[in-house]
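Chemist: Sequence:
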Amino acid sequence: TDGTLPNNDFLQLDKIIVKNKDKKIEIGKNDIEQYFFPKNGIDGDKNELADFKIYYLNNNIFILNTFNNSGAAAYNIVLNIKNGKLVANKAWKVEI
Numbered sequence: 026t027d028g029t030l031p032n033n034d035f036l037q038l039d040k041i042i043v044k045n046k047d048k049k050i051e052i053g054k055n056d057i058e059q060y061f062f063p064k065n066g067i068d069g070d071k072n073e074l075a076d077f078k079i080y081y082l083n084n085n086i087f088i089l090n091t092f093n094n095s096g097a098a099a100y101n102i103v104l105n106i107k108n109g110k111l112v113a114n115k116a117w118k119v120e121i
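According to my numbering, the sequence shown is numbered sequentially starting from 26.
It should be emphasised that the hints constitute simulated quantities derived from the structure, not laboratory data.
Using N, Cα and C, we set each Cβ at its ideal position, and we do this for glycine too.
Nothing false has been slipped in among the hints.
Lysine-lysine pairs mimicking DSSO-like chemistry, simulated, CA-CA at most 27 Å apart:
1. K49 <-> K110
2. K78 <-> K40
3. K54 <-> K115
4. K115 <-> K64
5. K78 <-> K118
6. K40 <-> K107
7. K118 <-> K64
8. K44 <-> K78
9. K118 <-> K107
10. K78 <-> K54
11. K40 <-> K64
Quick list of the computed label-pair ranges, beta carbon to beta carbon:
12. N84 <-> K64: 26 to 36 Å
13. I42 <-> E120: 26 to 36 Å
14. D34 <-> V119: 15 to 25 Å
15. G53 <-> N85: 12 to 22 Å
Using the sequences and the accompanying hints, generate a full structural model.
Modeler: Here it is in structure tokens:
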């Protein structure tokens, strides 16, 4: 939200559920409540929630996404799950 309070144009997730084979891993609200996601994508297209990328490496699952609300900055989020537990939760802004 570029430092302003989020309005009704943004969503806040209650949880993220990752299904890996027969396992279900849940990232709860306490771990993601600081993130607000654009409700609508650029030019009214689907929002970036549909674009989460998931990568697997050994016992790690990496969840990546870039959010952009048509401003001059993009926001990146990376969640790292290791052995079924959230071990890293990083976000940063990239200005264009």
